[in-house]
Structures are given as C-alpha cells and as structure tokens.
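K.L.:
If you're matching them up, the sequences are chains A, B and C in order. Residues in the first sequence are numbered consecutively from 1, following my numbering. Residues in the second sequence are numbered consecutively from 1, following my numbering. Residues in the third sequence are numbered consecutively from 1, following my numbering.
Treat the hints with caution; some may be incorrect.
[Unchecked claim] In silico lysine-lysine, DSS-like type, Cα no more than 25 Å apart, as pairs:
| id | chain 1 | residue 1 | chain 2 | residue 2 |
| --- | --- | --- | --- | --- |
| 1 | C | K46 | A | K46 |
| 2 | A | K166 | A | K217 |
| 3 | C | K166 | C | K217 |
| 4 | C | K87 | B | K246 |
| 5 | C | K166 | B | K166 |
| 6 | B | K87 | A | K246 |
| 7 | B | K46 | C | K46 |
| 8 | B | K87 | A | K166 |
| 9 | A | K46 | B | K46 |
| 10 | A | K87 | C | K166 |
| 11 | B | K166 | B | K246 |
| 12 | A | K87 | C | K246 |
[Said to hold, decoys possible] Covered stretches of chain C (chain B as the covering partner; in silico rule of three or more C-beta atoms under 8 Å from a C-beta of chain B):
| id | region |
| --- | --- |
| 13 | 94-105 |
| 14 | 243-253 |
Honestly, the hints are just simulated from the structure, not real lab data. C-beta atoms are modelled at their ideal positions from N, C-alpha and C, and glycine is treated no differently.
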Amino acid sequence: MDRFRGVDVLRADQFNREDLEVILERARQMADALERGEALDTMEGKILATLFFEPSTRTRLSFEAAMLRLGGKVVSVADPKSSSAVKGESLPDTIRTVEGYADVIVVRHPERGSAEVAAEATDRPVINAGDGAGQHPTQALLDLFTIFKERGRVEGLTVTLAGDLKHGRTVHSLSQVLALYGVKLILASPEALRMPPEIVEGLRSAGVDVAETGDLKSALSRSEVLYMTRVQRERFEDPAAYERVKGAFILTRKMLEASGRDITVMHPLPRVDEITVDVDPLPGAAYFRQAANGVPVRMALLSLIA
Amino acid sequence: MDRFRGVDVLRADQFNREDLEVILERARQMADALERGEALDTMEGKILATLFFEPSTRTRLSFEAAMLRLGGKVVSVADPKSSSAVKGESLPDTIRTVEGYADVIVVRHPERGSAEVAAEATDRPVINAGDGAGQHPTQALLDLFTIFKERGRVEGLTVTLAGDLKHGRTVHSLSQVLALYGVKLILASPEALRMPPEIVEGLRSAGVDVAETGDLKSALSRSEVLYMTRVQRERFEDPAAYERVKGAFILTRKMLEASGRDITVMHPLPRVDEITVDVDPLPGAAYFRQAANGVPVRMALLSLIA
Amino acid sequence: MDRFRGVDVLRADQFNREDLEVILERARQMADALERGEALDTMEGKILATLFFEPSTRTRLSFEAAMLRLGGKVVSVADPKSSSAVKGESLPDTIRTVEGYADVIVVRHPERGSAEVAAEATDRPVINAGDGAGQHPTQALLDLFTIFKERGRVEGLTVTLAGDLKHGRTVHSLSQVLALYGVKLILASPEALRMPPEIVEGLRSAGVDVAETGDLKSALSRSEVLYMTRVQRERFEDPAAYERVKGAFILTRKMLEASGRDITVMHPLPRVDEITVDVDPLPGAAYFRQAANGVPVRMALLSLIA
Numbered sequence: 001m002d003r004f005r006g007v008d009v010l011r012a013d014q015f016n017r018e019d020l021e022v023i024l025e026r027a028r029q030m031a032d033a034l035e036r037g038e039a040l041d042t043m044e045g046k047i048l049a050t051l052f053f054e055p056s057t058r059t060r061l062s063f064e065a066a067m068l069r070l071g072g073k074v075v076s077v078a079d080p081k082s083s084s085a086v087k088g089e090s091l092p093d094t095i096r097t098v099e100g101y102a103d104v105i106v107v108r109h110p111e112r113g114s115a116e117v118a119a120e121a122t123d124r125p126v127i128n129a130g131d132g133a134g135q136h137p138t139q140a141l142l143d144l145f146t147i148f149k150e151r152g153r154v155e156g157l158t159v160t161l162a163g164d165l166k167h168g169r170t171v172h173s174l175s176q177v178l179a180l181y182g183v184k185l186i187l188a189s190p191e192a193l194r195m196p197p198e199i200v201e202g203l204r205s206a207g208v209d210v211a212e213t214g215d216l217k218s219a220l221s222r223s224e225v226l227y228m229t230r231v232q233r234e235r236f237e238d239p240a241a242y243e244r245v246k247g248a249f250i251l252t253r254k255m256l257e258a259s260g261r262d263i264t265v266m267h268p269l270p271r272v273d274e275i276t277v278d279v280d281p282l283p284g285a286a287y288f289r290q291a292a293n294g295v296p297v298r299m300a301l302l303s304l305i306a
Numbered sequence: 001m002d003r004f005r006g007v008d009v010l011r012a013d014q015f016n017r018e019d020l021e022v023i024l025e026r027a028r029q030m031a032d033a034l035e036r037g038e039a040l041d042t043m044e045g046k047i048l049a050t051l052f053f054e055p056s057t058r059t060r061l062s063f064e065a066a067m068l069r070l071g072g073k074v075v076s077v078a079d080p081k082s083s084s085a086v087k088g089e090s091l092p093d094t095i096r097t098v099e100g101y102a103d104v105i106v107v108r109h110p111e112r113g114s115a116e117v118a119a120e121a122t123d124r125p126v127i128n129a130g131d132g133a134g135q136h137p138t139q140a141l142l143d144l145f146t147i148f149k150e151r152g153r154v155e156g157l158t159v160t161l162a163g164d165l166k167h168g169r170t171v172h173s174l175s176q177v178l179a180l181y182g183v184k185l186i187l188a189s190p191e192a193l194r195m196p197p198e199i200v201e202g203l204r205s206a207g208v209d210v211a212e213t214g215d216l217k218s219a220l221s222r223s224e225v226l227y228m229t230r231v232q233r234e235r236f237e238d239p240a241a242y243e244r245v246k247g248a249f250i251l252t253r254k255m256l257e258a259s260g261r262d263i264t265v266m267h268p269l270p271r272v273d274e275i276t277v278d279v280d281p282l283p284g285a286a287y288f289r290q291a292a293n294g295v296p297v298r299m300a301l302l303s304l305i306a
Numbered sequence: 001m002d003r004f005r006g007v008d009v010l011r012a013d014q015f016n017r018e019d020l021e022v023i024l025e026r027a028r029q030m031a032d033a034l035e036r037g038e039a040l041d042t043m044e045g046k047i048l049a050t051l052f053f054e055p056s057t058r059t060r061l062s063f064e065a066a067m068l069r070l071g072g073k074v075v076s077v078a079d080p081k082s083s084s085a086v087k088g089e090s091l092p093d094t095i096r097t098v099e100g101y102a103d104v105i106v107v108r109h110p111e112r113g114s115a116e117v118a119a120e121a122t123d124r125p126v127i128n129a130g131d132g133a134g135q136h137p138t139q140a141l142l143d144l145f146t147i148f149k150e151r152g153r154v155e156g157l158t159v160t161l162a163g164d165l166k167h168g169r170t171v172h173s174l175s176q177v178l179a180l181y182g183v184k185l186i187l188a189s190p191e192a193l194r195m196p197p198e199i200v201e202g203l204r205s206a207g208v209d210v211a212e213t214g215d216l217k218s219a220l221s222r223s224e225v226l227y228m229t230r231v232q233r234e235r236f237e238d239p240a241a242y243e244r245v246k247g248a249f250i251l252t253r254k255m256l257e258a259s260g261r262d263i264t265v266m267h268p269l270p271r272v273d274e275i276t277v278d279v280d281p282l283p284g285a286a287y288f289r290q291a292a293n294g295v296p297v298r299m300a301l302l303s304l305i306a
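Please take these sequences and the hints and turn them into a complete structure.
P.N.:
Here it is in structure tokens:
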C-alpha cells in the first residue's frame with residue numbers, strides 16, 4: 001500500500017475507485033480489530049496533531065480516538081482562541097511550526113482551500129477535516145463505508161440525498177465518491193436549495209443516473225439509502241418560503257413506514273430536528289453507527305499514509 | 001466485583017454500605033500502588049471521554065490522571081464552546097455519538113438530571129462529574145475516603161458540615177453517604193443557609209444523630225472532622241444579613257487552635273477566603289490531600305466498572 | 001546528573017555555563033534519538049500537567065510533544081476560561097491541587113513572578129513557560145541550542161539581536177545566556193525600543209562586547225546570527241515615529257543578500273511581517289528549525305529534572 005504513504009488527504013475526489021477499495025478494505029479490517037478488542041500498534045511512537053481553527057467535537061474526537069486505538073499519541077488545539085492565529089500568524093507558519101511536534105497533521109479551518117495551503121507548507125501528511133464550504137473528505141469516506149457496512153454493497157443502490165443540497169459540503173463530496181460506483185442518485189430538495197448545476201452535470205457526465213425532485217416522500221418509495229441533511233431557516237431570504245417547505249424535509253417514522261421499504265437512514269450529525277427521534281429505534285436508522293464508523297475509517301487512513 | 005461491571009455512577013445514594021466498602025478498599029489499593037510508583041494496566045487499550053459542558057479543571061484533570069495512571073487513554077472536551085451542543089445537538093445525541101469513540105464517558109453538565117439522561121442514551125458506563133444543583137457522586141466518595149485515610153475510621157466520628165448547607169451539592173451528597181456509617185453530624189450554617197429540612201429528616205430517619213447550629217465555634221469544640229464550604233454573598237437577598245454572618249463562617253487558625261482539638265479540616269475546593277491561608281500548614285488541614293485522593297478513588301471506580 | 005533532579009526551571013540566568021553544557025549535550029542526544037525514530041521511555045509512568053493561564057499553542061504543544069516522545073503522559077489546561085482561577089482560586093491553591101495529578105508542572109501565566117509563586121507552592125518540579133514580562137527560560141535554552149546546531153559553536157560568534165529590545169522577554173533572557181559564552185552582541189533597535197540600560201550594563205560587566213545601533217543593515221554586515229523580534233505599532237506613543245522606523249526593522253531577502261554574509265536568521269515566532277516570506281527558502285532561515293528544537297530541548301530538561 002505504498003502508494004498512500006505520505007499522501008495528503010485533501011479532497012474526496014482525489015481517490016479513484018481502486019483507492020477507495022483499498023481504504024474500505026483497510027477500514028473493514030480496523031472495524032473487525034475494534035470489535036475483537038484487539039490492541040494495535042501501527043502508530044506506536046507517532047504523534048498526531050489535531051488543529052481545529054473552528055470547533056468540531058465529533059470530528060476531533062473521532063480522529064483522536066482513531067490515533068489512540070492505533071497505539072499513537074495526540075496533541076491538540078481544540079479551540080481557535082487558544083491558537084497562535086489570534087496573534088496574526090499565517091496558516092503556513094503555524095503548520096511549519098507544528099510539523100516539528102507531530103508526524104501527521106489534521107486541520108479544520110473555516111476557509112475554503114486552507115487544507116491545500118496547509119499541505120503545501122509541510123512534508124508531513126495533512127488530512128483535511130473540513131475547510132469551510134470546501135471539502136471534508138474523511139466524512140465522504142465514512143459515509144461510503146457506512147453504506148457498504150449497512151447494505152453489503154454500493155453498486156446498484158438507489159441513494160437519495162435530501163435537504164439542503166446547495167450548501168451541504170458533505171452531500172457534494174459524497175455524490176462525487178458515489179459516482180465511482182454504479183449508483184442511482186435521487187436529489188431531493190426544496191427548489192431554492194437544489195444541488196449546484198455544475199455538480200449535477202459532473203455526475204451525469206460520469207455516467208450517474210440522477211433524478212431531481214422536491215418531493216421527499218416519492219423519493220423514499222424508490223430508495224435503499226436516504227442521506228438527510230438539514231434545511232436551515234437562515235438559508236431562505238423569504239421566511240414564508242422556509243415555512244412552506246420545512247415540514248416536507250423533516251423525516252418522521254410515519255414517512256419511513258409509509259414508504260413500505262427497508263431504508264438505511266444516514267445523517268452527518270449533529271441532527272437538530274430534521275429527523276424526529278421516533279426514527280432512532282428503527283433498525284435502518286444508521287446515523288449513530290455512521291458516526292462510529294468514523295473511527296475505523298480514520299484508522300485506515302492514518303495507517304495507510306503514515 | 002462483577003456487580004460493578006458496566007454500572008453507571010450517577011448518585012451518591014446509589015451505593016449501599018457494602019458497595020462503599022468495596023470502593024474504599026479498591027481506592028486504598030490504588031493509593032498504595034500510586035505511592036509505590038507501581039505501573040498499572042487495568043485500563044490498557046481503553047479510552048475515557050471527558051465531556052465537560054461547564055468547565056472544571058480540578059474534576060476533569062483528576063479523572064484524566066486516574067485513567068492515565070491505569071494505563072488507559074483519554075479524549076476530552078474541556079470547553080463548552082467547542083462542543084456540538086452549540087450547534088443545537090441534544091445531550092442524548094452527543095452521548096450516542098461519543099459512545100463510538102470511548103469505552104467510558106464522564107459527563108459534567110450544568111443541568112440537574114442530565115447525567116441520568118446521558119446514561120439512558122448509551123450502554124457504555126457513564127460517570128456523573130456534577131450535574132448542576134444535582135449530584136457529584138465521585139466527590140462524595142473521595143470525601144468519604146479522605147475521612148477514612150485521615151482518621152482511620154468513619155464510624156463513631158463527629159463530623160461538622162459548615163457554611164452554605166442549603167445550596168451545597170457536596171454536603172448533601174456527603175451527608176447521605178455518611179448516614180450509612182454511624183456518625184454524629186453537626187450542621188453549622190447561617191440561618192438562611194440551613195440544610196433543606198427534607199434532607200435533615202432523611203438523615204434522622206436513617207438513624208443519624210443530627211444537631212443544627214449557627215455557631216461554628218461551638219461545633220468545633222465537639223468535632224473530629226470539619227467540612228467547610230463557602231458562604232457566598234450572592235446567596236443573600238439582604239447585603240446586611242451577609243455582612244452579619246460572613247465572619248462567623250471564615251475558618252481561621254485561631255478558631256481551630258481555640259477549639260483545643262485535633263480536627264481534620266476538609267473543603268471541596270476551590271477555596272476563596274473561607275479558610276484563611278494560615279490554616280494550610282496545620283497537620284489537620286487535609287483539603288489538598290483530599291483533592292489528591294480524587295485520583296485513587298476515580299481509579300477505583302474506573303477499574304470496577306470497566 | 002543528579003544536580004538537576006527535582007529542580008524548578010524558572011529563569012534563564014539560574015544556569016551556569018556548566019549547567020548549560022549538560023543541557024545542550026542532553027538536547028543533542030534527544031535530537032539524535034528523534035532523528036533515528038528511537039523510542040524513549042524515560043518518562044514512562046509519569047504525568048506532565050501543562051497549565052496555560054494564557055494561550056500559547058506553540059509552547060504548549062512543544063512541551064506536550066516532548067513529554068509524549070519520552071513515553072510520558074499529559075493532562076492539560078489550554079484555556080484560561082476553563083481553569084479554576086475564574087472561580088477565584090489563588091495560583092498556589094491551583095498548584096497544590098494539580099500536584100496531586102501530575103509529576104511535573106509546566107505553567108504559563110500572564111503575571112511576572114508567577115512561576116516562582118507556583119514553584120514555592122509545591123515540591124514537584126515546576127517549569128516556567130513564560131510569566132508575562134518576566135522570564136521564558138526554555139525559549140532561551142532552545143535559542144542557544146539552535147545557535148549551536150546551526151553554527152557548530154557559540155563562542156566567538158557575532159550575534160545581532162534586532163527589533164523591540166525594550167519589551168522583548170526572549171532577547172533579555174537570551175542575552176543573559178549568551179553572556180556566559182564569549183560572544184559579540186550587536187543590539188539593533190529603534191531608539192525608543194533600546195535594550196534596558198541595566199541589562200546592557202549587566203552584559204558589559206559580564207565581559208560581553210556590546211554594540212548598540214539603530215541601523216540593522218550595518219549590523220548584518222558584521223553578524224553570523226540575527227535574532228529578529230517584532231516592532232509593534234502599539235509600542236509607539238507617536239504613530240509618526242512608528243512609520244519612520246518600521247521599514248528599517250523588516251528583514252527582507254534583499255537585505256540579507258546585500259550583506260554578502262552567511263547569516264543564521266532566528267525568530268521566536270509567531271512572525272507577522274517582520275521577516276518577509278521570501279527569506280523562508282534561504283538555507284540560513286532557521287526559525288522553523290528553531291521552533292522544532294523546542295522538543296529535544298524540553299525533552300532534555302524533563303529527563304534531567306524528573
């Protein structure tokens with residue numbers, strides 16, 4: 001697996017199908033090892049730095065748990081206000097300093113493109129843990145891994161991406177990854193929050209069968225996987241427009257049961273109210289398992305690049 | 001000790017006398033191991049998550065040190081602003097996510113009852129590190145352990161709880177634990193800050209000899225142990241009432257020496273000015289040893305429940 | 001090396017020449033071990049507490065990486081707002097509590113003299129990681145180590161300290177350390193930001209050849225080492241005075257090349273704009289290597305005092 005050694009993980013679309021297979025297979029091994037309670041020492045003697053210029057408990061703890069489960073160690077900047085950036089230091093300078101303290105660097109930063117900037121500043125591998133409206137590649141990988149684990153395959157599935165498809169970084173990245181597998185995509189969103197046309201075009205020219213709809217219920221009746229995201233009030237200029245659509249993009253148990261289908265429900269979390277809590281006990285409610293899958297997937301990446 | 005395996009530690013009064021004996025005995029072994037500098041590996045391969053929705057350096061570091069001394073590892077959310085709760089996530093959702101990253105979860109949260117909510121959300125053991133005005137069971141356990149270590153026994157002692165007995169979560173929990181031992185309790189407080197009557201009744205019906213007084217000095221003359229807490233100005237509607245009582249509930253070296261007794265002085269810390277610093281060098285000033293006892297007591301709990 | 005055991009590291013000038021040689025030699029061994037990727041276990045079973053009452057990513061991560069590279073463990077307070085100090089606790093009380101959780105304590109605090117206060121409160125070794133306008137001894141040690149590593153020796157070199165020499169804690173400490181080696185010092189600063197006369201006197205009476213100048217370019221033409229610090233606008237009462245001097249104390253590649261000399265450029269970081277980024281690729285630009293040297297130097301100190 002030498003082709004991954006020292007590689008930066010910056011974008012979901014940097015991986016081809018073969019890369020993804022390697023990552024998924026490694027993640028599967030890691031998940032098995034976790035389940036057996038096996039002690040791993042792949043990262044023994046190595047230090048991971050998690051640099052979070054904006055807070056994200058979930059992503060930070062997931063990376064840190066992954067590193068610790070591999071026998072490695074962690075230094076962490078969890079809070080933007082405790083970082084040198086407040087003293088006017090540039091991101092490349094911060095990275096060139098931190099490379100003296102750590103073997104791998106995970107960066108989350110509010111500005112799009114910042115992960116590339118960080119990666120250029122150092123020879124150490126950099127993993128993008130979200131760069132604003134840009135990319136969040138490890139989320140796309142754990143989403144893909146979750147579909148595999150929940151459904152046994154990805155090829156041939158009908159996957160509905162629902163909610164705010166305009167701004168959602170996770171659905172953009174995930175759709176690009178799914179394009180490498182022969183899936184059928186249904187894009188279900190309010191009119192004002194449709195997937196950007198250039199992404200839809202890209203998917204189609206990659207051979208993906210894409211359907212767009214404003215009707216989540218009808219999408220459910222044809223789906224094996226539903227990936228929900230939140231429709232935020234702030235995204236609407238006209239409050240009345242928000243009021244008209246919001247109910248249609250809240251997933252309830254009733255809607256799921258009415259579909260008569262065995263649907264895997266995913267969500268990048270945190271969830272606010274876009275999936276009602278009565279969905280949680282259903283066997284198809286996979287979002288917490290999805291979050292937990294972040295650990296073996298990040299273990300896989302860390303072990304491949306280090 | 002299988003009866004502790006997987007148990008949540010939520011309330012001081014969930015333990016019976018036999019449970020407490022087991023915990024104290026385990027804590028004593030842990031304290032001995034620490035003293036001998038013995039390397040322990042009870043928690044090797046395990047991860048503890050410390051989730052602090054309000055800051056508490058002392059409690060957080062004490063749990064983390066306990067986990068590390070047992071050979072375990074830690075992921076931590078020290079700062080409420082860096083948590084997903086700011087994005088509107090519910091506590092059960094946060095816990096169900098974190099259970100994917102850790103084997104044991106310690107939660108501190110400003111709302112009473114939140115520890116129960118957290119425990120219900122996950123199969124992993126949850127330890128309550130303080131839920132607002134509610135419970136702080138590990139504090140009560142380390143207080144009990146401190147009395148044992150300092151006096152060699154608990155049974156038969158006269159213990160004065162002093163200061164703000166109305167709002168003090170630590171004195172409520174400690175009194176419930178002491179009720180299982182044949183102690184005599186003196187409750188010394190300003191009239192406005194007396195122990196809630198339902199707690200006093202509960203203690204009496206459990207067979208505890210309870211005396212209430214507004215005179216700390218007279219209480220000292222009959223005590224082996226003094227547990228001080230702070231009388232805060234903010235607790236008084238009438239500033240004049242505060243001014244009248246505040247001096248009487250500041251413990252000085254002079255007061256202690258005037259008592260003519262060998263008194264063990266305890267305090268949950270942080271101390272502001274309710275114990276003058278000239279008390280610190282006295283052999284009976286146990287409050288810093290008490291804080292240090294948090295480590296073996298939390299090691300005991302972790303090793304029993306994991 | 002028993003003379004270091006249990007010693008507090010509080011001031012740069014607490015070390016004599018022989019002490020410095022021991023520390024430098026140990027740091028060299030640590031740097032070699034790091035380079036070979038050798039696993040060290042000097043601090044196995046030990047816990048370091050990093051208490052930062054003001055944020056400093058660089059210094060905190062550097063200490064934590066040093067401890068982890070030595071096989072030790074870390075508990076950390078990165079954020080002043082999450083510390084007990086906000087509840088009114090005194091620094092000695094905080095330290096006496098933390099000594100129950102850790103074997104070595106690193107403190108950064110905004111008040112001058114606070115490191116001494118911390119050290120008096122505990123028998124555990126305390127390392128000063130910066131006490132306001134006071135001392136930052138480990139910075140001076142890593143600066144010294146960097147000169148050794150970059151130039152092969154310190155004795156006989158001409159070192160220019162440039163920028164704000166009035167307020168710069170790092171240049172004060174470094175000059176005191178360099179005084180123990182036969183260096184020639186050039187102090188290059190705006191008139192309003194000259195090195196305090198008592199420090200200059202101290203250097204001269206220690207036998208150091210000291211020259212003062214307002215002309216950085218001429219200093220360069222005679223130097224082997226340039227230690228840059230930032231001239232901050234806020235330090236000038238008269239904005240016009242700042243505008244007149246600022247350009248003269250920004251180091252550019254052109255200035256360096258015009259000097260015709262092989263100069264080692266150092267900076268305590270973070271850098272804002274006082275060294276232009278076109279200097280970074282030059283072989284003499286040592287500031288990021290200097291930051292990385294913090295790890296072996298702090299490993300050396302930790303291993304010597306623990």
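K.L.:
Does each hint fit the structure? Answer for all of them.
P.N.:
Hints and how they fare:
1. C:K46 with A:K46: Roughly 18 Å between the alpha carbons, so the hint for C:K46 and A:K46 holds.
2. A:K166 with A:K217: Distance ~20 Å between A:K166 and A:K217 Cα, so the pair holds.
3. C:K166 with C:K217: Holds, because 20 Å separates the two Cα atoms, which is no more than 25 Å.
4. C:K87 with B:K246: holds, 18 Å
5. C:K166 with B:K166: violated, 54 Å
6. B:K87 with A:K246: Holds: B:K87 and A:K246 sit about 18 Å apart, inside 25 Å.
7. B:K46 with C:K46: Within the cut-off at roughly 18 Å; holds.
8. B:K87 with A:K166: holds, 20 Å
9. A:K46 with B:K46: holds, 18 Å
10. A:K87 with C:K166: With a Cα-Cα distance of about 20 Å, the restraint between A:K87 and C:K166 holds, given a limit of 25 Å.
11. B:K166 with B:K246: Satisfied, since the Cα-Cα distance of roughly 15 Å is no more than 25 Å.
12. A:K87 with C:K246: It holds: about 18 Å lies between the C-alpha atoms, which stays within 25 Å.
13. 94-105: holds (count 8)
14. 243-253: violated (count 0)
Checked against the numbered hints given earlier, this structure breaks hints 5, 14; the rest are met.
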